Amino acid sequence: MNKVLYFANLKEATGRKEEAMDVAGMTLGQLEENLAERYPNMTMTGVRFAVNEEFALRDEVIETHDTIALIPPVSGG
Amino acid sequence: MKRFEVVTEPIDPERYREYVVRPEAGGVTVFTGHVREWTKGIRTVYLSFEAYTSMAEKMMEQIGREIEEKWPETRVAMAHRIGELHISDIAVVIAVSSPHRKAAYEANEYAIERLKEDVPIWKKEHWENGEYWVGHQNQKPKGEDINE
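Protein sequences appear in the order of chains A and B. Position one of the first sequence corresponds to residue 280 (my numbering), numbered consecutively onward. Position one of the second sequence corresponds to residue 128 (my numbering), numbered consecutively onward.
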């Protein structure tokens with residue numbers, strides 16, 4: 280099982296801050312397509328992915344127990 | 128306190144300055160970023176910040192390592208506050224010490240630029256008549272661009 284985390288506007292678009300999903304074996308890009316279908320009002324422009332708290336590219340394959348975070352454009356400071 | 132941290136309480140910059148002071152450091156720069164009332168004609172009532180705290184602290188540590196590689200013999204501490212912040216509250220503090228001042232200035236600027244690029248923290252502006260997650264193009268107020 281995997282955990283998927285949402286922040287900021289994505290948390291509002293999905294109505295949740297995290298959810299459990301079984302997405303091991305998928306790439307992050309494939310996960311993105313699934314999520315875009317599931318949450319049609321979610322804005323994916325500029326969104327990066329993090330796997331286990333490290334930024335990752337969309338061709339990375341998700342492993343069992345990975346925690347995946349969708350990181351919308353950051354605005355700290 | 129931790130050297131790189133996300134906090135929910137008001138930031139006391141002196142603690143971060145003290146953290147980097149040491150006998151071999153002749154210069155210390157302390158940057159504090161504050162909540163600004165007016166941004167391009169729009170009045171902010173308050174801000175709220177949200178973080179992916181565990182990753183944000185890791186990213187800040189990484190920025191600290193980058194700085195200590197680029198400017199040897201510097202020491203860095205930084206913190207970002209989350210939750211609800213009001214006008215003039217400190218949102219971020221960065222302290223850098225160095226044997227000489229030039230590196231302390233340069234490294235401090237590098238730190239805030241990197242923080243704004245990669246540390247997973249998000250700001251929501253709250254106005255009298257609306258709200259907006261900064262960094263997103265889809266909900267900006269009419270005729271204005273406050274995305275910076």
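Everything labelled a hint here was simulated from the structure, so no lab data went into it. Check before you lean on any hint, since a few could be wrong.
To be verified - Computed spacing ranges between beta-carbons, pair by pair:
1. B:Glu-145 <-> A:Glu-332: 35 to 41 Å
2. B:Glu-258 <-> A:Thr-346: 50 to 56 Å
3. B:Glu-164 <-> A:Thr-324: 26 to 32 Å
4. B:Gly-154 <-> A:Gly-325: 46 to 52 Å
5. A:Glu-297 <-> B:Trp-165: 44 to 50 Å
6. B:His-213 <-> A:Glu-291: 42 to 48 Å
7. B:Trp-165 <-> A:His-344: 26 to 32 Å
8. B:Arg-228 <-> A:Arg-337: 51 to 57 Å
9. A:Gly-325 <-> B:Glu-145: 50 to 56 Å
10. A:Thr-343 <-> B:Glu-164: 47 to 53 Å
11. A:Arg-337 <-> B:Tyr-173: 32 to 38 Å
12. A:Asp-338 <-> B:His-213: 32 to 38 Å
13. A:Asn-313 <-> B:Gly-153: 26 to 32 Å
14. B:Lys-129 <-> A:Asp-301: 33 to 39 Å
Given the structure is predicted, the values throughout are model-derived calculations rather than measurements. Just so it is clear, CB atoms sit at the ideal spot from N, CA and C, and this is done for glycine as well.
Which numbered hints are broken by the structure, listed smallest first? Failing hints, ascending: 1, 2, 4, 5, 6, 7, 8, 9, 12 and 13.
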